[in-house]
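J.: So the protein lines, in turn, are chains A and F.
Residues 1 to 351 in the working numbering are what the first sequence spells out, letter by letter.
Residues 1001 to 1300 in the working numbering are what the second sequence spells out, letter by letter.
Because the hints were derived from the structure by calculation, they are not lab data.
All of these numbers come straight from a predicted model, not from anything done at the bench.
Among the clues, some could well be false.
Ranges of calculated distance between the beta carbons of each label pair, as one might list FRET restraints [to be verified]: (1) R57(A) / S1207(F): 29 to 37 angstroms; (2) G291(A) / N1191(F): 25 to 33 angstroms; (3) K1247(F) / R43(A): 53 to 61 angstroms; (4) V1038(F) / A208(A): 41 to 49 angstroms; (5) P1023(F) / E219(A): 32 to 40 angstroms; (6) G1044(F) / V45(A): 53 to 61 angstroms; (7) S1188(F) / V45(A): 25 to 33 angstroms.
As a list, the in silico SDA-like pairs of lysine to any residue whose alpha-carbon atoms are at most 20 angstroms apart [stated by the list, open to error]: (8) K1031(F) / P124(A); (9) K1031(F) / R167(A); (10) K105(A) / R1199(F); (11) K58(A) / K218(A); (12) K262(A) / L323(A); (13) K105(A) / S1207(F).
Idealized CB from N, CA, C, for every residue including glycine.
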Amino acid sequence: MASPAALLSRPLPDVGGPAQPLLSVRGLTKHFPLKGGLLNRTRGVVQAVDDVSFDLRKGETLGIVGESGCGKSTTSRLIMALMEPTAGEVIFDGQTVGPGGLSMKEYRRQVQMVFQDSYASLNPRLTIEESIAYSPQVHGLSRRTAIERAHELLAAVGLEPGQFARRYPHELSGGQRQRINIARALVLRPRLIILDEPVSALDKSVEAQVLNLLMDLKEQYGLTYLFISHDLNVVQYMSDRVLVMYLGRVAEFGPVEAIYAKAAHPYTAALLDSRPSMDPDRRRTEPPLSGDPPNPVNPPSGCRFRTRCLHAEDVCAATVPPLAEAGEDHRAACLVHSPGSGHSKAMPHAA
Amino acid sequence: MSSTAMSTTTAGLPLAPQPVASPGYWQGVWKRLRRDPVTLACGGILLLMLFAILAAPLLAPADPFQTSMLRRLRPVGTPNYILGSDELGRDMLTRLLYGGRLSWFIGITPVVIAFGVGGLLGIVAGFAGGWVNMLIMRVTDVFYAFPSVLLAVAISGALGAGVFNAILSLTLVFIPQIIRVAESTTTSVRNLDYVEAARGSGAGAMSIVRVHILPNVLGPIFVYATSLISVSMIIASGLSFLGLGTKPPEAEWGLMLNTLRSAIYSQPLLAMLPGLCIFVTSMCFNLVSDGLRAAMDVRN
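Work out the full structure, taking the sequences as your base and the hints as a guide.
T.: Structure below.
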């Protein structure tokens, strides 16, 4: 049995080989009961995440995009096991998490998270080095070794340990704090890092620095990223594959080039159209998408996007669209791409 | 948090000059307090008062219980009676010094006990959530439904007069108030990302409470408790005034205010003295608590 210090100096070994997905999410569902009224009765259910499945390949960056309230952050917290799913499971490198599989402590060592709010994610009463050295101590490192490790990680994220180690979070800028959060996520040598809108609160100039740092660290530490953002340009820059979510469900999933070149789902197309453009020919005066997403308490029947969709037909209200093939490694939850679905634009019969 | 010497850990890194250590949290609080003259002055007055009442046997010019039918209600400034004498001819300065001991004791003790009990229950309720929270908070709400003075009078009235019962009733009045503040502070801290991050790294509940919750909630709860001291002193005096607290011949500011009531027309200045003491003390406690709250906010 190796000492904790030796164990935490490198990531845990690859179990299933390169072809085994690092993370498999199967039918992940989170419904929040909406309580109120007399005797706290359940008056409705918020379907925050509904039947979400995807594989995360080793070494890739998977971007998750969608409007606010579409379930991106709930998904990340479910994967982090910070909340209990209503249904579904998470498989890490071929092993289930829980009894008979990976222990929660081993799982937590391998999956870490960087939060959006760089200030709220650091304890204001701990110095920078204490904040970073906290989790190694939870995993059995001595305080002294943990702080040594914290200094190494500070240097790795480009902050001079001698200058920053003993400072407090409120003395630093947003970009510096986010670097510290990245160092804290890295200190356990995880294999997967969930980045929940890591640059959304930063200035554009700082944003680029942090994104490039994330790219470098991924190379250096052999990481896999789950990158959550509402900024389509950032997702395009960072990701290998993209998962588009709408109202708790997967709308489209595929390689970043394919999606950005030709979106298969009308929602993705509208999202991509909403980006500001320098090209006068692409200038438009109407918004590509009007209105707000419907209430997740009573989502529309069938396809959830049909209330805002240009191609909506009667059949869309009746059938929940399955994730249909829209290209190589590219799937979209739209009846147009589902042969034999009955939609006027779909192929009449299954090939 | 104490930190150990860092020389060995930084020595290996090529670029490390002297580690820049920021002042610790309490050093920062003290630095901000030093620039706040009102808080310093009030704190000074309170310290002087505390010293005076503790040293009452040495400072008092007379016996607090020595009555004299001949020298009743002497005005302020009478030779040998610097602050006059009360309705039974006892030296006023002596009575105020000894009375302060009891007033401070009855004012502060309930807040200290309520800080311990209420703080613990509130932090447990806030951190545990769920049915534990429900149980503690609903019971709290029952107490909270009554105005504090009314509740204190009701409990004291039921238990009977006396110092012990007055302290007990005030403690019961303050526990729900402190539970409320402790619970809401803990709930808001518990949902912050740094607590999520700690849970996400596999830390146990005890470690999270010790490292992440307590240091961030004890300050606000403590500040709230100090603001209750002034209320406590006023209610305690009120109980004595109503005959539910201290009993004569014991000296206590509220009780003195009551017994000197009849002299308000003949010796108004004299009759006001105990009230003035209560006013100055509770105001100082209030201002000190305000100053502490400002100084303990790191973003100032």
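J.: Does S1207(F) lie within 20 angstroms of K105(A) when you go C-alpha to C-alpha?
T.: holds, 15 angstroms
J.: Given the hint that K262(A) pairs with L323(A), does the C-alpha gap stay at or below 20 angstroms?
T.: holds, 17 angstroms
J.: Mind checking the alpha carbons of K105(A) and R1199(F) for me, to see if they're no more than 20 angstroms apart?
T.: Roughly 10 angstroms between the alpha carbons, so the hint for K105(A) and R1199(F) holds.
J.: For K1031(F) and R167(A), compute the direct alpha-carbon distance and say whether it is at most 20 angstroms.
T.: Answer holds: K1031(F) to R167(A) is near 17 angstroms, not above 20 angstroms.
J.: Quick check on a hinted range of 53 to 61 angstroms for G1044(F) and V45(A), using CB atoms only.
T.: holds, 60 angstroms
J.: Return holds or violated for the Cβ distance of P1023(F) and E219(A) against the range 32 to 40 angstroms.
T.: 38 angstroms Cβ-Cβ, so the 32 to 40 angstroms window holds.
J.: If I claimed the Cβ atoms of V1038(F) and A208(A) lie 41 to 49 angstroms apart, would that claim hold in this structure?
T.: holds, 47 angstroms
J.: Falls inside 53 to 61 angstroms, the C-beta gap from K1247(F) to R43(A)?
T.: holds, 57 angstroms
J.: May I ask you to test the hint 25 to 33 angstroms on the CB atoms belonging to S1188(F) and V45(A)?
T.: Given range 25 to 33 angstroms: holds, Cβ gap about 26 angstroms.
J.: Tell me if the beta carbons of R57(A) and S1207(F) are separated by a distance inside 29 to 37 angstroms.
T.: Given a distance of about 34 angstroms, which is inside 29 to 37 angstroms, the answer is holds.
J.: Decide if the proposed pair is consistent with the structure: K58(A) and K218(A), CA atoms, cutoff 20 angstroms inclusive.
T.: holds, 11 angstroms
J.: Please test the hint of 25 to 33 angstroms on the beta carbon pair from G291(A) and N1191(F).
T.: Roughly 31 angstroms apart at Cβ, these two residues keep to the hinted range, so it holds.
Taken one by one, the earlier hints all hold for this structure without exception.
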